[in-house]
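**Student:** The lines below spell out each chain.
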Amino acid sequence: MGMVKDFFSGIYNLVVGLFVTGKHLGRHAITLQYPKERWEMPERSRGVVVLLSDPETGELNCTACLLCMKACPTGAIIIDREKNPETKRWFPTKFVIDNTICAFCGLCEESCNFDAIKLTGKYEFSVFDQSELIYDMDRLAELGRDVKYTPRKKPAAKKAAEQKKPPAEGKKPDEKKEDTAEKKPEEKPDKIETNPAEKKEEKAEASDKKTEDQESRKPEEAKQGDLGLDKEEDKKESGN
Amino acid sequence: MDEKELHIGEHQEQDEQNPVARELHTEEFLVNMGPQHPSTHGVCRLLLTMDGEVIVKVEPYIGYLHRAIEKICENRIYNQITPFMDRFEYVSSMLADWVYALCVERIGQIEVSPRAEYLRVIFGELQRIASHLIYWGVFAMDLGAVTPFLYGLREREMIMDLFEETCGQRLTYNYIRIGGVSQDINPGFEQKCKKFTSYMCQVLEDYETLLNENPIFLSRTKNIGVAPPELSVAYGVSGPSLRASGVNWDIRKDDPYGYYEKFEFEIPQGKNYDTWDRYQARVIEMRESCKIIEQALDGLPEGDPTFKMRASFKLPEGEYYARIESSRGEMGCYIVSKGEKKPYRLKLRGSSFNNLMIIPEISKGLKIADLVAIFASYDIIMPEVDR
Amino acid sequence: MFLGIELPQIVLSAIYFALTLGVVLLMALFLVWWERKVSAHIQVRFGPMMTGKWHGWSQTLADALKLLQKEDIVPRAADKGVYFWAPVIVFGATMMTFVVIPWSPRFIAADLNVGILYIIAITTFTIISLLMAGWGSNNKYSLLGGMRSAAQIVSYEVPLTLSIMGVVLLAQSLSMQDIVADQNKFWNWNIIRQPLGFLVYLVAATAEVNRTPFDLPEAEQELVAGFNVEYSGMKFAMFFLAEFVNMFVVAAIATALFLGGWWGPFGNESLGWLWFVLKSMGVVFVLMWFRWTYPRLRVDHLMEFAWKWLLPLAFLNLLATGLIYNLVK
Amino acid sequence: MQNEQLVSQLVEKFGAQAEKVELNPAQPALVVDKSILVEFLKQIKEDENFKIDYLSCISAVDYLENGMEMNYHLCSIELRYKLTVKVKLDREKPEVPTIREIHPGADWHEREAWELFGIDIKGHPNLKTLLLPEDWKDGWPMRRDWEGNDDFVKMPEF
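Here the protein sequences line up with chains A, B, C and D, keeping their order. Residue numbering for the first sequence is 1 to 240, as defined by the working numbering. Residue numbering for the second sequence is 1 to 387, as defined by the working numbering. Residue numbering for the third sequence is 1 to 329, as defined by the working numbering. Residue numbering for the fourth sequence is 1 to 158, as defined by the working numbering.
Excised from the complex, chain A in its bound form (with noise of 0.2 Å):
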């Protein structure tokens, strides 16, 4: 009797599978036509990597502080920069974003004090040749132009546009080194901090104030010096 019995649920069970799949038959595909139809990409995307610039001047927001080269994980990020002889800041002369090894791990963003360099939520990259993978300065920063971004700090902008000098806009290579900063490395014998001045669009009203506080704090940061960024930072690093 019971083999009996396992048939007949045998059967029913099969056939109730069926419903299962035939319910969906009826349903709406839930994917898109690609090509046709595409995702909007949240927010907080991380795509190809953009250089961004200033909306009104047109000028990068990169001061060559090389804090995202000694960041990026993977060594996709190759920067040369020049020292501007009349306002004694650095800039980009060349900046080379290899997306053959590019892992989107976004870290570059998160060092970058400058909303100079951003992870959007562009893609669509293909190309037949990999050597065109590998993106320079301009095709960067042409890439940047149409992205929105909430300026979290930029003193460098506003200094370059009241000083009018415009092709080095930027901070001093000093000033970079306190941005990644810690508050007070001094009470914390591991060494570990946090930066609440990191947090993001959130408090961008606040953060003009932030930075000067930053400043203000420095020079004894600049002692520190376990930042990584020493004084081989004068020297032009040519990456890999």
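Read the hints as simulated data drawn from the structure, not as lab findings. Where hints are given, some of them may not hold.
Claimed, not checked - Here are the simulated SDA-like cross-link-like pairs (lysine to any residue), alpha carbons at most 20 Å apart as the crow flies:
hint, chain 1, residue 1, chain 2, residue 2
1, D, K137, B, R67
2, B, K367, C, M303
3, A, K148, B, N186
4, A, K5, B, T197
5, B, K253, D, D53
6, B, K222, B, L366
7, B, K367, C, A150
8, B, K71, D, D138
9, A, K36, C, M49
10, D, K137, B, A68
11, B, K192, B, L153
Source: prediction; values computed, not measured.
Could you slot chains B, C and D onto chain A? The hints should help.
**Tutor:** The following block gives chains B, C and D in isolation, referenced to the frame of chain A:
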């Protein structure tokens, strides 16, 4: 190779005692299942010695996906390692991030804010559901039913959307960082997440009607690949596969990390120790994960979950073997720090590494179709094995 | 009678057969597209949408063209003759079955008096070709696939034939047209008169066409693609088309034997071919539905199932049919 | 603390051959002489008081001039103990007995230690490459003094 020949020789001797085999001159043959095979889940090569359809011996050959992550990590500063952890185990990379963060935190005695711990639990459990959904689909697909795979992926996409909205990526999140998480959740995340968990519970019922009572599915899974508890423990099998072997062992409960002590959930255990139990353990675990997420969302404290490390900090001297319950089992990270910016030694323990070892043991004498079912039931993910 | 011209039977048969062939090839293309659509919608996707604008209707045409252009790869160690003839035989055998498919009261290539026997004989060729493909490819997966198909046929062919016997018993004829003509009323359809026979036939027929849950010879997850691992280009296309044509054939036979063939639901003879195609498509849809719902059986489970369940059921059906038939007479 | 008890009991039992190391309160560790390793693991597995039956991981560490070390991360399923067993090895001729007999799951971990660190696992029947290519001839890559081969690209130092 000589060993294999020896092996075949042995069986030929046995065959000579078998009159049918002697008369027909049957012979065992070798089949290379993989490295490129639909159901080895990545590039795993199983060298099968087969007697017709029956498996005589299985020898796994791994390393096709070896990326030397341990070596790479020795040359990276601590902050740079999380992206590699994502790639160490890309099916549940949230949990891989977590084990690394946990290890560094335990060595550096870093306090994690309560909100970050709650978020970790939420995202870890979402990740567990996402991984089990893939498991569910792939398991059914390896038994020949393709449709469940698509259903599983459909639900997984919803989790991916939640992840993408929060951390910007769908697969390699880089979200759980040392000391916290990378970003706070967006407003409205809780509602979306709750909506998802209640939807998930409904969908699981659909899943169960589709497969759980299906006689074909039952005949393919019941009493196939029985792994008794002693054997599983001896081979270091972990996670749902170990629990399916009737062992009450869940690192979330037995060696708690994060805030798992605060949540209530059941640990399913198997009774027959077979493929079916391993499947069922994961399906039940999805429900339990939903429960945990709901509890965590209800108790989510206010505060700031992020914690920014100095660009290259020095971890104090020490060593620790951290382990968490990943979706596949015990995922371990062992770091030896010598007070430098970079780890002196970083060893990763993937749960699939041990889980794969037991497969040759329990699949002897079964059919090739059963091997596929067993392989799928252990949820082997090759990047975790090869590292 | 063909288009008002009196023609000798042999020419008429040839014309019908050629027509059938053309229709069937088109049908196969359609079925491939349809299968993709059905699977897609079951899986909450769209399936092909681009080629040919309207729901990707010409996707299979494009695929066939692509396959035609592909390089014909023959493994060096293959048994060349066997390897070459396998797809030809499977395609030929499938086409041959159409000789006795009764599309409408008059539209049948040859109303053989042993029609159903002929079909049972001819469909077996498919398995031979699968075995040939498995052996000829000189690939272990292919060999296992071929062997599985050979092992499988012994199990399901017996209940299949026995389930058909019940119908033959009722119609008292082996000719397809006679069997269809016998089911002149809706309540006379054989699915009503012997549902058990229909069930057994449907299951065995699914095994016959090697479709999930019985697609053991080409079990994708175990044997990669089974017997056709090594085939590419047009040879692969022939296997592929033959599979779909075969699916239609078993559906057509099911229609003729159990679903009243070309009879309309109200016992009407008009538009017979339409009813026939519609009913066959319904059966094809059920086969597709099976495929996208169920997992695959294990090879020994199939045999166990066929011998332990299908065969007794088929016998039971035959016995009951015989008893009742004699009582009613 | 459960773990401290465990260690003190073990030290008591094995005396001078098992030496306690202070690492982390949550993770007791013992240094065991390699000559008694197998016996030690066997006893703690079978002893009713310990039941340390689960091997999580084996990690080899190369300390350059301080020799090498094998770390056996063990735990007890039933009693929830955690224990790290360390074995100090001579760097010139690193050798350690296999523990496959006690923990079959150690098989691949030991093979890995052999192929990446060159630690000779005495008694292991199957010492062949696991993760590396079969024709690997460039030494023991995870040793700290490994110079790399031609394919090896170092991360730029900043």
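**Student:** Determine for every hint whether it applies to the structure shown.
**Tutor:** Taking the hints in turn, this is what the structure says about them:
1. D:K137 with B:R67: holds (17 Å)
2. B:K367 with C:M303: holds (14 Å)
3. A:K148 with B:N186: Answer holds: A:K148 to B:N186 is near 18 Å, not above 20 Å.
4. A:K5 with B:T197: violated (36 Å)
5. B:K253 with D:D53: Status holds; Cα separation ~18 Å.
6. B:K222 with B:L366: holds (13 Å)
7. B:K367 with C:A150: Given that 20 Å is the threshold and the Cα spacing comes to 17 Å, the pair holds.
8. B:K71 with D:D138: Roughly 15 Å between the alpha carbons, so the hint for B:K71 and D:D138 holds.
9. A:K36 with C:M49: Answer holds: A:K36 to C:M49 is near 11 Å, not above 20 Å.
10. D:K137 with B:A68: OK: D:K137 and B:A68 at ~16 Å, within 20 Å.
11. B:K192 with B:L153: holds (18 Å)
In this structure, the one hint that does not hold is number 4.
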